[in-house]
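Q: Here is what each chain is made of, one letter per residue.
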Amino acid sequence: AGGLAGSEALAASDNADNLPPNVPEWMKAPGDPMGSQLYGTPSPFEKGVIKNIPDNLPQYLSASGRTPLQDLDGIITPNGLFYERHHGGVPTIDPAQHRLMLHGLVDRPLIFTMDDIRRFPSESHIYFLECSGNPNYKKPYGKTASDLVGLLSCAEWTGVSLKVVLQEAGLQPGAKWIVAEGADAAAMTRSIPIEKCLEDAMLAYSQNGERLRPQQGYPLRLLLPGFEGNMSVKWLRRLRVAAEPTYSREETSKYTDLMPNGSVREFTFYMEAKSIITRPSGGQRLSTPGFHEISGIAWSGHGKVKRVDVSVDDGKSWQEAQLQEPVLTRALTRFRLPWQWDGKPAVIQSRATDVTGYVQPTLAELLAVRGDNYYYHNNAIWPWRIAANGEVSNASA
Amino acid sequence: AGGLAGSEALAASDNADNLPPNVPEWMKAPGDPMGSQLYGTPSPFEKGVIKNIPDNLPQYLSASGRTPLQDLDGIITPNGLFYERHHGGVPTIDPAQHRLMLHGLVDRPLIFTMDDIRRFPSESHIYFLECSGNPNYKKPYGKTASDLVGLLSCAEWTGVSLKVVLQEAGLQPGAKWIVAEGADAAAMTRSIPIEKCLEDAMLAYSQNGERLRPQQGYPLRLLLPGFEGNMSVKWLRRLRVAAEPTYSREETSKYTDLMPNGSVREFTFYMEAKSIITRPSGGQRLSTPGFHEISGIAWSGHGKVKRVDVSVDDGKSWQEAQLQEPVLTRALTRFRLPWQWDGKPAVIQSRATDVTGYVQPTLAELLAVRGDNYYYHNNAIWPWRIAANGEVSNASA
Amino acid sequence: QEQGPYGIGRSATPAEIAGWNIDIGGDGENLPPGSGSVSHGRMVFDQQCAACHGAKGEGGVGDKLVGGQGTLATTNPVKTVGSYWPYASTLFDYIRRAMPQNAPQSLSNEDVYAVSAYILNMNGLLPADATLHAKRLSRINMPNRNTFVGDPRPDVP
Amino acid sequence: QEQGPYGIGRSATPAEIAGWNIDIGGDGENLPPGSGSVSHGRMVFDQQCAACHGAKGEGGVGDKLVGGQGTLATTNPVKTVGSYWPYASTLFDYIRRAMPQNAPQSLSNEDVYAVSAYILNMNGLLPADATLHAKRLSRINMPNRNTFVGDPRPDVP
Ligand SMILES: [Ca+2]
Ligand SMILES: [Ca+2]
Ligand SMILES: [Ca+2]
Ligand SMILES: [Ca+2]
Ligand SMILES: [Ca+2]
Ligand SMILES: [Ca+2]
Ligand SMILES: [Co+2]
Ligand SMILES: [Co+2]
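Chains as they are written, first to last, in our numbering: chain W, 1 to 397; chain G, 1 to 397; chain R, 1 to 157; chain S, 1 to 157.
Simulated from the structure, these hints should not be mistaken for laboratory data. Be aware that a few hints might be false.
With a straight-line Cα cutoff of 25 Å, these simulated DSS-like cross-link-like pairs (lysine-lysine) come out [said to hold, decoys possible]:
(1) G/Lys138 to S/Lys64
(2) W/Lys254 to G/Lys28
(3) W/Lys143 to W/Lys316
Required output: the full structure, derived from the provided sequences and hints.
A: Dropping the structure here:
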């Protein structure tokens, strides 16, 4: 799975029974019967492609598991590998007993069943979700793309526009914020500006076609495209329309950004433009000099990715990468650049520019302004170092 | 999961411990710890959303399992629910021992490892795949959308353009067909016109981000967008460039279309424009008169869907449905129409038109020309009957 | 109060809203009646919190809850309720909804007031003989209250 | 034979290609040497095929292999090797690659010739004393050969 190296070596160490001119053994006997997996799973040979969990977590109720970005292609994250971050474990919710309450500055406080929610007009969009602590600003930085920015995934979401649901209740004058609450053991609570709620916020119940996974908020979650992932409250049970934010623990103690002078930025919602090369990337190895495609993902909370530039000479020069169509708003965008590796040490990196003209900064530029006590919203360029033997490692580590 | 009815009833029969004003039990104790599923699975409450397998199959080595379309939203099929059709079971292939041989009318016959294949420039596209026998033309017709057209799924595929791989070997003059062979127990063999191979054919290794599932051809499959699914040969091990088709059993005995006069259409590759309403659809029930969105999927092997019309009065009048952007070439397109159900019996149906101007026909129109011995390429409109109690059933059954 | 455009959902009753709405505003809005003393809070803390947060709130599996004042602009900032949090009301809100982590929403309002009082006391923000209630909690002046600013990004490059 | 544009992959040797290329053309191209008689084919069939296809090829878990000639334009068409298949060479190709279903690619070329001969014989397309080999197989005139036409769609609406 995902290795760039070693298959010729592997094959050579195997016996050659299955290699030409021999007929491989799996053609000489029937395979597994149809329906042996009523809900399919990956090949046993992909068993290493799982969520990436730090080895040294103090506890697992409030923790995160990362998408193995370096093993994935395209822009869709399969649901089984979607990143996880939660604060009180993953609740097991019976959808028939789940309710969404909508109250506060509305004409008609309402309670909805899941079937009610599904009766509203629906919409589907491919959006990324990213945790804002992805990663923080302090060394040691991770080894792989997943270690660095694996709190990032992308899926096709289906649900109802929050605006439509708000209209059903009728917003009252003075409605400026909506406080969203999850039905988990953390009763996760975040305040969202009303502008976002009326722009592109969704109440999502499906993810890549099927119903949300428990780890992603089954049976209902808020989805705020381009905002830090924590705000897209999972297991959504309550929306309170208010004049002011609630100043919850998650928007004061956490998810605020400490500057070197001790001042703190609050309500820092947007995930700014970012990109990373996933192939070749840390932990992989180029098997041979010669042609290797450089491929990665780019995204911006502010809208579409406009361009991605790639440097293969440690930032001295940059070439524009090709973007895979369709380039979608607030979705991952796959970029690619053909490359001939001459077998010499090299440093490669990517740099995204979004529709607003914003250009992804270097880590040094971020640190110069923000210092390394700043914890969230690190959208630095992550260069990879390629050694003469083809091994790829984090050039910033 | 996916029911349109009964949640109020369900909730009423449950005790009210978890309903407002009470705090539900899943907020009062921690949920499952992060990482308890290193590869995630759906909620236990979705255990009924699985592949749909006919109850009376003679055997399971050469058989099919259908996507539960009526339970899905959007256009992406999650990999676990992607439809299955194979002819010798699902082989378990070690990718390190898998080879692709490319030979015949080429300058340089070549053998590729999987790592070789992955070194080529890659591309990603969202394409549907549909089995051509989806369904056949004889009664009884199925009860649900899945029974009718569930041999249909859609994913984001990543791989290399077949054209690029062919250029690596160098096509010789006279190359008109490519014969593709699978490494399964059926050694599945199909002939593909060279034009398709040079247009948009792919060798795909990833599906919705992760590597192909075994049921979909792990580690490598051919992908022929818009052609009948059987031709997108799975477990691909060999491509022979030839002057003529091979007339394999699968392109003569099967996958040919018998006309009423006894003549047989062969090499009928394209899947023509088609659509179906998935919600409300057979087996579901409208819980109450009032607003219900009509939602479904449309697709065409010839390119993009141009429009979908929906009738709620048994075909007397038609309204243009809204298409979910982005509308992609040879991908599923989600359509929607707002609808107020007055609580009276009704017949609803959808009709797709593609970029070529082709309009999806009725079953009667198809039968008039093709008769019911014709087996494949049934792209009929499937109307749903809604009873006064809200129950939805197949109006053609 | 006519119906909404789609006629979907049913009215939420005041009792239902009251049962579910546990949000406390920054200014103490929606704080419940009741009160709790620092000394009772110490008992609650020792029994139900210290295992994770340390006997003196110095941290463990759970966050450090005490100290750090004056460190925010240093190379080793220590962020706690006392040094970092802008609103004391958030303490009541968060403990009630999420703590103790093994049994959230199990404390009475009185115990939440009490244990909040004790944490504030350990941070030097409430005298040892104090009793906390809605009005008093709303008036507590958190040291870091005025360092919070809005989002000036893009700040780089 | 210089390299391709990307220099990826290695040359396939003639022996490797021969080992893997089991495609037979409609005109018998690539049929291997060897031969098999109808009578030997009956033995192979009885032992390795009849369990699934019936003692006389009338079908079972596996397809019906015999009969149906003249039924294609009726309301009950019976599609078999004898009534439907345009090329006899396909029979050799398919049996060799996929049958018996429980052990594909286990028959010798001789046995494939033989059992093909027997199936053709049961369909009245080969005399009982015949022996099948590449040349003879290529020349067999399948009854349904000339009803195959191309794809005229769109045919409806
Ligand atoms: Ca072996
Ligand atoms: Ca690990
Ligand atoms: Ca209960
Ligand atoms: Ca069934
Ligand atoms: Ca206020
Ligand atoms: Ca020929
Ligand atoms: Co007490
Ligand atoms: Co023999």
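Q: For each hint, tell me whether it holds in the structure or not.
A: Hints and how they fare:
1. G/Lys138 to S/Lys64: Given that 25 Å is the threshold and the Cα spacing comes to 20 Å, the pair holds.
2. W/Lys254 to G/Lys28: Distance ~22 Å between W/Lys254 and G/Lys28 Cα, so the pair holds.
3. W/Lys143 to W/Lys316: holds (24 Å)
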